[in-house]
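Since the structure of chain A is already known, use the hints to place chain B on it.
Letter by letter, the chains look like this.
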Amino acid sequence: MPETLVKKSTSKKKAKSTKAKSKYSKATYLKWYEIMLRVRKFEEKALFAYSKQLIRGFCHVYIGQEAIAAALTTAITADDKLVTAYRQHGVALARGLDSKSCMAELFGKSTGCVKGKGGSMHFFSKEHNYFGGNGIVGAQIPIGTGIALAEQYRGTKHLAVTMFGDGAARQGALYESFNMAMTWKLPVLYIVENNGYAMGTSVERTSNVHDLYKIGSSFDMPSEQIDGMSPEAVHEGIERAAKHIRSGKGPYFLEIKTYRYKGHSVSDPAKYRSKEELQSYLDIDPIVITEEKMLNDKIATQKDIDKIKANIKAEIDEAFEFASNSPFPLGSELYDDNYVQEDYPFIMD
Amino acid sequence: MSRIINLREALREALQEEMRRDEDVFLMGEEVALYNGAYKVSKGMLDEFGAKRVIDTPIAELGFAGIGVGAAMNGLRPVVEFMTWNFAVLAFDQIVNNAAKTLSQSAGQYKCPIVFRGPSGSAGQLAQQHSQTFESWLANCPGLKVISCIDPADAKGLLKSAIRDDDPICMMESEALYGLKGEVPEGEYLVPIGKAAIRKEGTDVTLVSFNKMIEVTKKAAIELEKEGISAEVIDLRTIRPLDHETLVTSLKKTNRMVVIDESWPFAGVSAEIAYEMQKYAFDYLDAPVTRVNAADTSLGYAPTLVEEYLPNPSKVIKAVKEVLYVGS
Chain A
1 MPETLVKKST
11 SKKKAKSTKA
21 KSKYSKATYL
31 KWYEIMLRVR
41 KFEEKALFAY
51 SKQLIRGFCH
61 VYIGQEAIAA
71 ALTTAITADD
81 KLVTAYRQHG
91 VALARGLDSK
101 SCMAELFGKS
111 TGCVKGKGGS
121 MHFFSKEHNY
131 FGGNGIVGAQ
141 IPIGTGIALA
151 EQYRGTKHLA
161 VTMFGDGAAR
171 QGALYESFNM
181 AMTWKLPVLY
191 IVENNGYAMG
201 TSVERTSNVH
211 DLYKIGSSFD
221 MPSEQIDGMS
231 PEAVHEGIER
241 AAKHIRSGKG
251 PYFLEIKTYR
261 YKGHSVSDPA
271 KYRSKEELQS
281 YLDIDPIVIT
291 EEKMLNDKIA
301 TQKDIDKIKA
311 NIKAEIDEAF
321 EFASNSPFPL
331 GSELYDDNYV
341 QEDYPFIMD
Chain B
1001 MSRIINLREA
1011 LREALQEEMR
1021 RDEDVFLMGE
1031 EVALYNGAYK
1041 VSKGMLDEFG
1051 AKRVIDTPIA
1061 ELGFAGIGVG
1071 AAMNGLRPVV
1081 EFMTWNFAVL
1091 AFDQIVNNAA
1101 KTLSQSAGQY
1111 KCPIVFRGPS
1121 GSAGQLAQQH
1131 SQTFESWLAN
1141 CPGLKVISCI
1151 DPADAKGLLK
1161 SAIRDDDPIC
1171 MMESEALYGL
1181 KGEVPEGEYL
1191 VPIGKAAIRK
1201 EGTDVTLVSF
1211 NKMIEVTKKA
1221 AIELEKEGIS
1231 AEVIDLRTIR
1241 PLDHETLVTS
1251 LKKTNRMVVI
1261 DESWPFAGVS
1271 AEIAYEMQKY
1281 AFDYLDAPVT
1291 RVNAADTSLG
1301 YAPTLVEEYL
1311 PNPSKVIKAV
1321 KEVLYVGS
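Just so you know, the protein sequences line up as chains A and B, in that order.
Residues 1 to 349 in the working numbering are what the first sequence lists, from first letter to last.
Residues 1001 to 1328 in the working numbering are what the second sequence lists, from first letter to last.
Don't read these hints as lab results, they were simulated from the structure.
The reader is advised that the hints may include incorrect statements.
What the hints assert, rightly or not - A few chain A residues facing chain B, derived, Cβ under 7 Å:
no., residue
1, THR111
2, LYS115
3, LYS117
4, GLY118
5, HIS122
6, PHE124
7, LYS126
8, THR145
9, GLY146
10, SER177
11, ALA310
12, ALA314
13, GLY331
14, TYR335
15, ASP343
16, MET348
Claimed, not checked - In silico DSS-like links for lysine-lysine, alpha-carbon gap of 30 Å or less:
no., chain 1, residue 1, chain 2, residue 2
17, B, LYS1040, A, LYS157
18, B, LYS1052, A, LYS249
19, A, LYS100, A, LYS275
20, B, LYS1111, A, LYS185
21, A, LYS41, A, LYS298
22, B, LYS1040, A, LYS185
23, B, LYS1052, A, LYS185
24, A, LYS185, B, LYS1043
25, B, LYS1253, A, LYS100
Glycine included, every Cβ here is placed at the ideal spot set by N, Cα and C.
Just chain A, with the same shape it has in the complex (with noise of 0.2 Å):
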């Protein structure tokens, strides 16, 4: 493990975890699997779309930051609310988006989900309770908070978990933020993804203070930094997060420190950052370690790993085809749902 990676190091205690009985099923560690391998898959092709400029704009792809997403499944329930960033495939898959609607939406096809509208940055579903993700940089996260605030105000039990990168915390409206949820006590759960860099510049470089999740402390929030290269660590650290919020003391930071193998956007060619540095996270690739635990502790057989691997191959090759072969939204279609009212009169000279 890079020793950067997480200060309070549960990297013991997991070493120690894999000689013990597993506490998790072999179905829990299939889903992770499953949604990793998903994930993994479609944003290998997405960037294979790209290069063939199938997709377009912008496209920050998840690679790396499997684990979390993975533990999105298992941690928190449907019902919960979630809003992230712009680097949000995976997180929308793991919602349960299905990858034909976000290739689709890459592709900016009508069949998307959001019918091409939003593209590699915004896709949103109200049946999934994803509230989508958002291009400014920490704009999300008052967003998340007023989502937490509607659930209080209605007097459920739902978390609104909210994302962002690491760049996001050094906005204003991070602090803002807050401090409003800690004063009311709403039940948000913010997850920082610290994967090292905003877009090329180093957390380091960001500030004097390195440890994100102590940014917390200081609206005494509870606070802790966990390992996002394991869904276990991360599994673990959401559960305890939501049970506290769940409770009703309000506020969770998680700072989950994981790493994108791939550069900022598809442009981006990482030159900031050493090949070392990234030989340490590719030794510790969520998937190959996953993998190998399940085969090594006999949680699962080599059988069902390979029926995951082909089902998945599968999956992506047809949310690629139904990619390709969906329509262009219209033009005309530019008009639609920029308000609720109907016959609202644009200008049109």
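Chain B in isolation, oriented as in the chain A frame:
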């Protein structure tokens, strides 16, 4: 039946009536609860509705505007009060990038029924940062509707319509005119968004204005009447969508138009109206559409600077005489 009340009371009635009508409506902003509102619009509302629905915020415009957007996306109908629209500049990211775009980004899945409201424009010698208008900034952005009105009866009806509207709305009031009195009907009524009001009928020239400048315009019209010039006065009330039809109809009658707008001149509401008139009523124009705006400068503190900066009746009268080609 009607009675005379002032603008702040009319706005308060709108908020109270809508909050009694719909549990999902709540008010949040700086000093709205315990302090009873910086300008007393929300006086007594904490007592009636409690702290859950009348929420004092810290001074964090970006944060609480965004919290309002999130709450609206999640099914509530927030009214977010800015102590002045000048402070709302800090929140423009949430208004422009989120409130305005959520419906489009989500292809209709998440609407954002929110009202951002507060006073706009100069209010005495408040200098550069506290005297600005933002109607044209916000009306430039598709997805938003922009209301700017100081007539107590109409402001009440418009605010009620705004709270019930499923689209995000920016509503501009006036710090200087919260005490302005007017006849306000008893009982339930709504004023439609997107419709101008003709405040005075006339035949020689159309004067178009909104918010506080409508008072300046009405004074000018009275003076012009004494000189035998019959001015029609139109109060836009809503900036976006603009009531194109009322403006074109009036211009076709009077053949001359002056726009009185407290905003800066460049790319402002007055510029948009002038464009629309030359495009849709070119053959009816007997003179170029002209305008009286705030000066194309920042506003200074001294009274002489304020006088120089703002439109006033004599500047309006001068512009009217220009379009009528009569000497002053």
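- Message: Can you confirm whether the C-alpha distance between LYS1111 (chain B) and LYS185 (chain A) stays at or below 30 Å?
- Response: Judged against 30 Å, a Cα distance of about 26 Å means the pair holds.
- Message: Let's test the interface hint: is any C-beta of chain B closer than 7 Å to that of HIS122 (chain A)?
- Response: 5 Å, holds
- Please verify that hint: ALA310 (chain A), Cβ, nearest Cβ of chain B, below 7 Å or not. 33 Å, violated
- Query: Are LYS1052 (chain B) and LYS249 (chain A) close enough, with their CA atoms no more than 30 Å apart?
  - Reply: With a Cα-Cα distance of about 17 Å, the restraint between LYS1052 (chain B) and LYS249 (chain A) holds, given a limit of 30 Å.
- Query: Does SER177 (chain A) pass the interface hint, meaning its C-beta sits closer than 7 Å to a C-beta of chain B?
  - Reply: Check passed: Cβ of SER177 (chain A) comes within 5 Å of chain B, closer than 7 Å.
- Message: Restraint: MET348 (chain A) near chain B, CB-CB cut 7 Å. Satisfied or not?
- Response: Given a least distance of 11 Å, the restraint on MET348 (chain A) is violated.
- Please work out if LYS1052 (chain B) and LYS185 (chain A) have their alpha carbons no farther apart than 30 Å. With a Cα-Cα distance of about 12 Å, the restraint between LYS1052 (chain B) and LYS185 (chain A) holds, given a limit of 30 Å.
- Message: Need the status of pair LYS41 (chain A), LYS298 (chain A): alpha-carbon distance at most 30 Å?
- Response: 25 Å, holds
- Item | Evaluation of the interface hint that places GLY331 (chain A) against chain B, nearest CB under 7 Å | At about 15 Å, which exceeds the 7 Å cut-off, the nearest Cβ of chain B leaves the hint on GLY331 (chain A) violated.
- Query: Does LYS157 (chain A) lie within 30 Å of LYS1040 (chain B) when you go C-alpha to C-alpha?
  - Reply: 35 Å, violated
- Message: So, as I understand it, the hint says TYR335 (chain A) touches chain B; can you test that by seeing if any CB pair is closer than 7 Å?
- Response: 10 Å, violated
- Message: Would the hint on GLY146 (chain A) be counted as holding, given a Cβ-Cβ threshold of 7 Å to chain B?
- Response: 2 Å, holds
Going down the numbered hints, you'll see the structure goes against 1, 11, 12, 13, 14, 15, 16, 17, 19, 25, while the others check out.
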